[in-house]
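Quick note, the sequences are listed as chains C and A, same order. Just so we're aligned, residue 1 is where the first sequence starts under full-length UniProt numbering, counting upward by one. Just so we're aligned, residue 1 is where the second sequence starts under full-length UniProt numbering, counting upward by one.
Derived from the structure by calculation, the hints contain no laboratory data. Where is the CB? At the ideal position from N, CA and C, for every residue including glycine. Misleading hints may appear alongside valid ones.
Unchecked claim - A few chain C residues facing chain A, derived, Cβ under 8 Å:
no., residue
1, Ala139
2, Glu162
3, Ile168
4, Thr172
5, Ala190
6, Pro194
7, Ala239
Claimed, not checked - List of simulated lysine-lysine pairs, DSBU-like, C-alpha gap at most 35 Å:
no., chain 1, residue 1, chain 2, residue 2
8, C, Lys373, C, Lys109
9, A, Lys172, A, Lys87
10, A, Lys125, A, Lys82
11, A, Lys172, C, Lys207
12, A, Lys87, C, Lys207
13, A, Lys125, C, Lys109
14, A, Lys26, A, Lys210
15, C, Lys373, C, Lys453
16, C, Lys207, A, Lys125
17, A, Lys210, C, Lys109
18, C, Lys373, C, Lys487
19, C, Lys373, A, Lys210
20, A, Lys87, A, Lys125
21, C, Lys487, C, Lys207
22, A, Lys210, A, Lys87
Residue strings, one per chain:
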Amino acid sequence: MDTFTLFIILLAIPLLTALAAFTCQLLGTPRAVLTAVHSVGSTLLLLVSLFAVWTVYQQGELLAGHNWLHLDGLSSLFLAILGVIGFITGIYSIGYMNHELEEGEVSLKSLGTYYGFFHLFLFTMLLVITSNNLILMWAAIEATTLSSAFLVGLYGQQSSLEAAWKYIIICTVGVAFGLYGTVLVYANAANVMPNPGDAIFWSEVLKHASLLDSSLMHLAFIFVLIGFGTKTGLFPMHAWLPDAHSEAPSPTSALLSAVLLNCALLVIIRYAILISAAIGPEFPQGLLLVFGLLSVAVAAFLILVQRDMKRLLAYSSVENMGLIAVALGIGGPLGIFAAMLHTLNHSLGKTLLFCGSGNVLLKYGTRDMNAVKGLLRVAPLSGALFAGGALALGGMPPFNLFLSEFMTVTAGIRAGHLWLVLLLLALLTIVLAGLVRMIVMSVLGKQPDNVSKGELGWQTTAPLAVLMVLMVLMGTHIPQPLQQLLKQATTIVLNGDQAGISELHALEQQLPGATNGAEKTALNTVLNTATNTASHSSAQEMSRE
Amino acid sequence: MTGTLLVNNLAGLMIVTSMMVIAARKPTVSAGLYALQSLVLVGIFLSLASLFDAHELYMWSISAFITKVVLVPLIMYRAFRKMADPKADGGVLSTAVLIMIAAIIVLISYFATKPVQLPMLTDLKPVLAVSLGHFLIGLLCIVSQRNILKQVFGYCLMENGAHLTLALLAYKAPELVEIGIATDSIFAVIIMALMARRIYRTMNTLDVQKLISLKG
């Protein structure tokens with residue numbers, strides 16, 4: 001298949017599914033038809049996304065449509081996340097929304113709206129991931145806000161409308177900062193590049209990055225980080241996030257947290273690569289470190305005091321995005337690899353928990369942890385998966401998030417940020433405490449009298465189980481193709497730093513699931529990494545002395 | 001040099017009109033004033049077009065006229081006239097304070113853009129400062145107004161500021177870029193207007209200070 005056709009098919013699937021869902025809504029077709037349209041759309045998107053990722057894995061970077069569309073190792077990681085999470089939340093949506101429909105929380109008309117915007121939202125995020133055109137990238141981010149605002153306000157209650165309004169205002173304003181940053185980069189590039197027509201393409205500007213004006217690029221990165229950082233949920237621009245995540249229907253919350261935040265993060269990473277090539281990595285990394293650490297710190301304390309389960313999870317998203325920013329800020333092959341791995345791991349974990357909180361909401365009718373008790377007795381499977389997911393999110397081994405958090409810490413020590421790492425560990429302990437508190441309050445305890453026992457059906461439990469399997473797999477044995485994908489993504493962020501790339505190859509041997517010594521347990525390998533790292537850094541220090 | 005003088009003066013007029021958009025009590029009046037401001041922006045595009053001899057900018061003027069002077073104000077006027085909440089009119093700051101803050105913003109923008117080294121800009125530095133300042137004044141509008149409809153204007157002002165910067169620094173951008181940005185802002189205004197109407201119908205208020213049930 002030629003590359004352009006692949007891009008068109010990829011983009012057309014969610015767009016056509018959205019149109020079909022809106023048409024069904026207008027025609028008033030029965031629920032079964034609507035659900036079928038949605039299922040077919042979600043499944044096709046998964047298959048074609050994975051096919052596109054596989055093509056990049058085989059052939060390397062794809063460029064099409066006169067440079068407008070682009071898929072490389074970095075964006076294919078995000079595409080894989082979009083495909084998988086889009087499918088899982090898609091399946092979960094069927095069970096969840098049917099339940100809401102039967103309960104009378106939403107009408108058949110709203111269900112059409114939901115499925116239509118669900119796929120439109122996926123389309124806009126896909127556009128962010130595949131765009132090589134800087135302005136289109138911005139426009140697509142803006143479009144993600146517009147397409148998801150109605151999903152956030154779906155229930156039409158006072159609180160959900162308020163959340164939707166805050167979401168749309170804060171994010172459009174934030175993203176306007178992103179536009180300003182985009183304009184600065186583009187304008188500067190158009191003035192200095194031999195062919196100004198190419199100045200709009202990320203891949204082309206990167207080739208001429210050394211020509212860019214230093215003071216403008218400093219200014220541009222500040223605007224970009226504030227702008228797209230708003231959508232990523234970094235402190236202090238995160239104010240929309242807990243409201244939008246908690247008021248949206250649970251599958252949408254999962255999609256917001258696990259895919260949307262990543263898309264905005266991808267744009268920040270794209271600019272960080274570009275601007276680092278122009279003015280050196282210190283300034284972008286320093287800013288990422290500061291914003292990241294502040295996000296982790298503020299979110300950690302807010303996680304500890306939440307009563308609303310979904311708000312707690314929303315703050316955990318702020319915390320994890322902060323952690324990824326910290327890992328990027330630490331930089332180097334290990335830091336960037338950790339950031340990439342954590343992006344993937346967080347998406348899996350947070351989808352599990354938001355879908356799990358959806359089951360809680362359907363069972364108990366509330367998100368208040370003072371009222372939600374004894375989930376393990378009420379719905380044992382959901383309860384166990386929810387508790388496991390929460391522990392994973394807190395960074396407990398043998399789950400996947402432990403691995404990427406450990407790598408971040410190792411990268412920090414290696415780069416000589418000892419105090420930062422100690423602070424980070426203290427904050428992560430607070431986060432773990434907050435998550436354990438949630439388990440103790442809601443998963444354990446007595447079953448309330450007014451809640452009936454029993455699971456809700458396979459559509460709302462199977463996605464959780466699949467996610468749990470993926471998380472354990474990612475924590476103990478990262479599949480070889482996925483390792484390659486992560487490595488490719490890291491290589492792109494390193495942007496030709498040869499020393500870093502060879503270090504990355506050395507690192508690969510130590511990952512769980514590496515081809516040599518497959519019998520090693522995850523913990524062993526991680527500990528090996530740790531000891532190796534420690535000896536490396538002490539050797540480095542000795543050589544410095 | 002008269003060309004640059006004209007552009008610089010028109011840029012000054014942008015700031016004046018944006019203050020008027022913020023200070024107007026009724027959202028429908030603001031919609032009219034916003035159309036006026038967009039007309040000034042189109043004037044700047046035309047002057048820059050003749051100054052740089054850039055035919056792309058003539059195209060921009062046309063599309064900006066259609067979207068910003070006609071379509072967006074019309075959409076806002078039609079949507080906003082059905083909603084009224086006199087209690088939410090006015091801002092948390094007095095007009096005098098707003099003007100003072102705006103002056104400080106323009107001053108800061110002037111110093112922020114001072115180190116920028118681009119050959120074409122030597123005489124047009126004030127416009128660049130104004131465009132950045134204009135963008136920040138839009139933000140000022142959003143944080144200082146109680147009426148949620150006025151927040152939509154804040155976004156539009158920010159967008160005009162960014163658009164002016166784009167015209168100044170990158171007028172050679174393909175027409176598609178400009179259309180893309182304009183279309184996006186039209187959709188943004190439509191979605192915001194729809195959402196505001198749902199809020200108005202459900203809660204019977206447009207006061208941002210009443211939207212405080214979510215906290216912590």
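Would the hint on proline 194 of chain C be counted as holding, given a Cβ-Cβ threshold of 8 Å to chain A?
violated (13 Å)
Given hint lysine 125 of chain A paired with lysine 207 of chain C - CA-CA distance at most 35 Å:
holds (29 Å)
Are threonine 172 of chain C and chain A close enough, Cβ to Cβ, to be under 8 Å, as the hint says?
At 5 Å from the nearest chain A Cβ, threonine 172 of chain C passes the 8 Å test, so the hint holds.
Straight-line Cα separation of lysine 373 of chain C and lysine 453 of chain C no greater than 35 Å?
holds (12 Å)
Satisfaction of the alanine 139 of chain C interface hint, Cβ to chain A closer than 8 Å
Holds, about 5 Å.
Can you confirm whether the C-alpha distance between lysine 373 of chain C and lysine 487 of chain C stays at or below 35 Å?
This hinted pair is violated, its Cα atoms lying about 43 Å apart.
Proposed interface contact between isoleucine 168 of chain C and chain A, which counts if any beta carbon pair is under 8 Å:
holds (6 Å)
Using the nearest Cβ pair, does glutamate 162 of chain C come within less than 8 Å of chain A?
Holds - the Cβ of glutamate 162 of chain C comes within 8 Å of chain A, reaching about 5 Å at its closest.
Is the hinted pair lysine 125 of chain A and lysine 82 of chain A satisfied, with a Cα-Cα distance of at most 35 Å?
Outside the cut-off at roughly 42 Å; violated.
Does the structure keep lysine 87 of chain A and lysine 207 of chain C at a Cα separation of 35 Å or less?
violated (55 Å)
Is lysine 487 of chain C within 35 Å of lysine 207 of chain C, Cα to Cα?
Judged against 35 Å, a Cα distance of about 21 Å means the pair holds.
Does the alpha-carbon distance linking lysine 210 of chain A and lysine 87 of chain A stay inside the 35 Å limit?
Given that 35 Å is the threshold and the Cα spacing comes to 11 Å, the pair holds.
When the structure is compared with the earlier hints, violations turn up for hints 6, 7, 9, 10, 12, 13, 18, 20 and for no others.
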